[in-house]
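Chains as they are written, first to last, in our numbering: chain A, 87 to 672; chain B, 1307 to 1593; chain C, 115 to 277.
Calculated directly from the structure, the hints in this document are not laboratory data.
Positions of the beta carbon are idealized from the N, C-alpha and C atoms, including for glycine.
Possibly wrong hints are sitting among the right ones.
Think about it this way: if two alpha-carbon atoms lie no more than 25 Å apart in a straight line, the pair counts; the simulated SDA-like pairs of lysine to any residue are [unchecked claim]: (1) C:212 / B:1431; (2) A:629 / B:1431; (3) A:629 / B:1508; (4) C:243 / A:671; (5) A:629 / B:1367.
Computed footprint of chain B on chain C; a stretch qualifies when at least three of its residues, placed anywhere within it, have a C-beta under 8 Å from a C-beta of chain B [to be verified]: (6) 137–147; (7) 170–181; (8) 199–206.
Derived contacts from chain C toward chain B, CB cut-off under 7 Å, selection only [what the hints assert, rightly or not]: (9) 126; (10) 209; (11) 217; (12) 218; (13) 249.
Residues per chain are reported as follows:
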Amino acid sequence: MVTLIIDGQEIQAEEGQTVLEVARQAGIEIPTLCYHPLLEPFGACRLCVVEVIRRGRSRLETSCTHPAWDRLEVKTRSPAVIEARKVILGLMLSRCPNVPVIQDLAREYGVTEPPFSTDTPDEKCILCGLCVRTCHELVKADVLNFSQAGVERRVGPPFLEKTRQCIGCGACTIMCPTGAIEIVLEKEAVYKEKPLGPTSAIYVPSLQAVPRVPVIDTDACIRFRQNDRTDGEIADACGACQMVCEAGAVDFDQQDEILELDVGAIIVATGFEMWDPAQLSQYSYGESPNIITGMEFERLSNAGGVTGGEILTAEGKKPERVAIIHCVGSRDHNAHPYCSRVCCMYSLKQAHLVRDKTGAEVYNFYMDMRAFGKAYEEFYERVQKEGVTFVRGRGAEVEVLSDGKLRVKGEDTNLGRLVAVDVDMVVLSTAIEAPHDADRVAALFGLSRSEDGFFAEAHPKMRPVETNTDGVFLAGVAQGPRDVPDTVAHAGAAASMVLSMLDKGEVTISPTISYVLTRYCTGCGKCVVVCPYTAISLGEDGKAGVNDALCKGCGSCAAACPSDAIVPLHFTDDQMVGQIMGVLYG
Amino acid sequence: MIEELRAKARELLESETVECVIGYEVGPTGRVRPVFVYEPDDVDRLVFNTRCDHNLVTYLNRRNKPRKRGEEVPTTGILVKPCDARSLQVLLNENQVQRDKVTVIGVACPGMQNADGTPEARCLRCNQRVPLLYDALFGEPPEVSDIADTYADVEEIEALPREDRLAYWLSELDRCIRCYACRQACPGCFCDVCESERDDSLWIGITDAIPEKAFFHITRAFHLAGRCGECNACEMVCPMGIPLSLLNRKIVKEVEQTMGGYHAGLSEEPTPLVTRLTGEEDIDEIH
Amino acid sequence: MDELSSNTIEGFEPKIVAFMCNWCSYAAADSAGVARIPSPPDVLPVRVMCSARVSAELVLKAFMSGADGVIVLGCHIGDCHYDSGNHRTVKRIPLLRKLLIYMGVEPDRLRLKWVSAAESPQFAQVTKKFVEDVRALGPLSAPLRVEEPAGVNRPGVVEGGVP
Chain A
87 MVTLIIDGQE
97 IQAEEGQTVL
107 EVARQAGIEI
117 PTLCYHPLLE
127 PFGACRLCVV
137 EVIRRGRSRL
147 ETSCTHPAWD
157 RLEVKTRSPA
167 VIEARKVILG
177 LMLSRCPNVP
187 VIQDLAREYG
197 VTEPPFSTDT
207 PDEKCILCGL
217 CVRTCHELVK
227 ADVLNFSQAG
237 VERRVGPPFL
247 EKTRQCIGCG
257 ACTIMCPTGA
267 IEIVLEKEAV
277 YKEKPLGPTS
287 AIYVPSLQAV
297 PRVPVIDTDA
307 CIRFRQNDRT
317 DGEIADACGA
327 CQMVCEAGAV
337 DFDQQDEILE
347 LDVGAIIVAT
357 GFEMWDPAQL
367 SQYSYGESPN
377 IITGMEFERL
387 SNAGGVTGGE
397 ILTAEGKKPE
407 RVAIIHCVGS
417 RDHNAHPYCS
427 RVCCMYSLKQ
437 AHLVRDKTGA
447 EVYNFYMDMR
457 AFGKAYEEFY
467 ERVQKEGVTF
477 VRGRGAEVEV
487 LSDGKLRVKG
497 EDTNLGRLVA
507 VDVDMVVLST
517 AIEAPHDADR
527 VAALFGLSRS
537 EDGFFAEAHP
547 KMRPVETNTD
557 GVFLAGVAQG
567 PRDVPDTVAH
577 AGAAASMVLS
587 MLDKGEVTIS
597 PTISYVLTRY
607 CTGCGKCVVV
617 CPYTAISLGE
627 DGKAGVNDAL
637 CKGCGSCAAA
647 CPSDAIVPLH
657 FTDDQMVGQI
667 MGVLYG
Chain B
1307 MIEELRAKAR
1317 ELLESETVEC
1327 VIGYEVGPTG
1337 RVRPVFVYEP
1347 DDVDRLVFNT
1357 RCDHNLVTYL
1367 NRRNKPRKRG
1377 EEVPTTGILV
1387 KPCDARSLQV
1397 LLNENQVQRD
1407 KVTVIGVACP
1417 GMQNADGTPE
1427 ARCLRCNQRV
1437 PLLYDALFGE
1447 PPEVSDIADT
1457 YADVEEIEAL
1467 PREDRLAYWL
1477 SELDRCIRCY
1487 ACRQACPGCF
1497 CDVCESERDD
1507 SLWIGITDAI
1517 PEKAFFHITR
1527 AFHLAGRCGE
1537 CNACEMVCPM
1547 GIPLSLLNRK
1557 IVKEVEQTMG
1567 GYHAGLSEEP
1577 TPLVTRLTGE
1587 EDIDEIH
Chain C
115 MDELSSNTIE
125 GFEPKIVAFM
135 CNWCSYAAAD
145 SAGVARIPSP
155 PDVLPVRVMC
165 SARVSAELVL
175 KAFMSGADGV
185 IVLGCHIGDC
195 HYDSGNHRTV
205 KRIPLLRKLL
215 IYMGVEPDRL
225 RLKWVSAAES
235 PQFAQVTKKF
245 VEDVRALGPL
255 SAPLRVEEPA
265 GVNRPGVVEG
275 GVP
């Protein structure tokens, strides 16, 4: 521990810190432009200069580089310091007169006009070296550096030419204090000016996430990208998040773990995915940043979202007219023929929110209003009274006009007329669909799938949470589209069935189960494939064996076995032949 | 080609990669017959010519190699033609052969000939001259041009009026003596106890009554549905010259045409008789 | 019951073995009985838990043992009580039928039909039609059943080859 005297105050510090770090920790303000806590200090901008007094002599030193020596006396706002900063800011303002952050800092120190003129007033780079240090120390791509000298000094890649070494991470853009670096996409891409998704590689999925901890997108994270790109040679790039995390909670070495559990029951609650409206070109999804899906609208209107909950177009303004199109991808033989059940109600909610937050005109293009639940119909009436216009006809097409407005076309079947309305924002209420890997999940758990792609329940009316495999249950949208109250009920039913099953301690099985005569079994495996309940497996000895608890007694295995090696109790071959003889001769 | 093949056999035996190489040799009467080569010096007995029409894969199946409990499965090298490789694939799919215990010596096949020098009918229909499965391949595959109409022989029988069809099969079944040579020669028939030879005669007895023989042949053809590699061993070994391929290939035709184009022995997929419907089938549900 | 009395050429009454799955077709047969829907008496029921239990061997054995016609009744595709049992039945029975036809058996002797538990009128209709069709064919003959000439001493051979 060392003691510094900063502006007359005695302040304790750790050995090895810099004066700037000590001052900032103590709450003493010192301006900087080229300093970043995660990078080696550089002392380029000189703004952080302070008066350092030692052995009676005072000098102006950059506090970002000066070590915190014991009994060092520092003055951060002496007249000499203020004068120095004025000069520095004057020079910077002369070089970059149009950079807001420099203008603001200069104004703070009383410099309102650049003392010198420049031939390049659009210059933004102050040669602070943050981008260079970032690219070298954190990203470890070493793309940027200083070149030339004197007035010609500049920053950039070698010979200022595009280089494949640049991994496009954008770290330099983020670090640059003056906005001198831009990311330019090489290909034509539609990008949303206000992104509705995560803005950094480590992010908290949403404020309602459970658990509410950040995750790292390894496709975007510089550390993982550099590691993959260089086959492990650069394995420790960046790591900024780990450096700043006081809890030490960031662990880059986490791997997927495979856990083996022996369980008595399984509840499959694998949920759903949203259908991608880009698959039907008439909705023009992707051609304008103001055509968004219902899910994206939810992010937009969420108070924890990028606009703080305000409904804004991509241009940052409140919309004056919004269209909400129901049944996008549902009830459609070109996409999903089924009804996704939840969208009418959330579309009504979203219409209400738009009216409430922006006062915009709202047009809901719907086919039938499915307001089937408790107080749902009453809510529909309320939204109608709030002045939302309901057009009874599927929104057939969205056209992006040359001025950026969106024209929604449809037929108002109540009026018997084709209608079109030009709006600032279109919300597509897209279909719910089974996840793309549902067939793998089905194969794993022995589930069948209904025609709509969701997992099949054992009986559509009487057994909504069971499957044909004993002990495997379904909960929630995995079995079919449903909203939150219905999901809670469905999942509760599944949990109760599991509890009662486990509580009993016994399982009732069919009496007509099959067993294998291992003497005759050749291990060909046909019975294994045929069994609808995956009740048969080949053992270590290569012979088939039937799991009594899973076997339902259908006898498919017995008929498939070419060696008569499987005996289905009560329907054995002897008994069947006996029956045949009996009916023919008895 | 034969020198390279013999060299390979010698190498496999000398390195003890296999204990035995199953191939073809010329017997004392000048006819080609299977050979089991255990000693490296005997590899010169191995031949390959247009009379090598036996399906050697049958020697790999469980029935022909009964093992005592705990006995290690021996390692074998085996010569396969393309049709034989199909049978081998079926045996692999049905867990009858351990892949790591078999070294598959594939030969490109020029087509087999009958004793009188005429090409075998099945080879005229065949467009697969290189086995799909092999660890080493010998021989240059020939150019295959016009292949004969695949099911013309079956269709000829199908086209007969019912009474003539019946008479035809009755006369063929009449000759059957239930010697079971067809079953023994077939690689796909590996049941320890055949349904037609049960001690309790549950299905049929052991007489040569037509219905009993009909049961045997219909059931055997049925059990080969989706498994028959069309090697024709059954027909070749029948001492009574019964055209068994006409029965088995009828099933092959129906499986191909109604169950999504499936052919046995070309992949690891099991016979469609045991799988669920995929929607690709064109089955004539009798309604 | 007049429409069901036999009026064939030789007064031949066919013996029909009907394999019925417990959950659909057998239940339909039951309901048909309860509802007094007239069904042909010549149909001899053999219950199985699932139509998939009916192997080729059982069908052949039925023919050999005296059945002139065999009908297999199961659940509609997608409705099988055991999920996919009828997928195997729908491949097995038509294939067997094609093979039997190939060997000279009349096509109408083996039939596969789906009858659900709620379809008792259809059960009656299907079985009635089947009996009529088989009746018109007369008794089953070669190759699955043969009459041996009298006087020939063939041990174990009785009509149909059943000892």
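Check your understanding: Checking against the hints above, which ones are violated?
Key -> 2, 6, 9, 13
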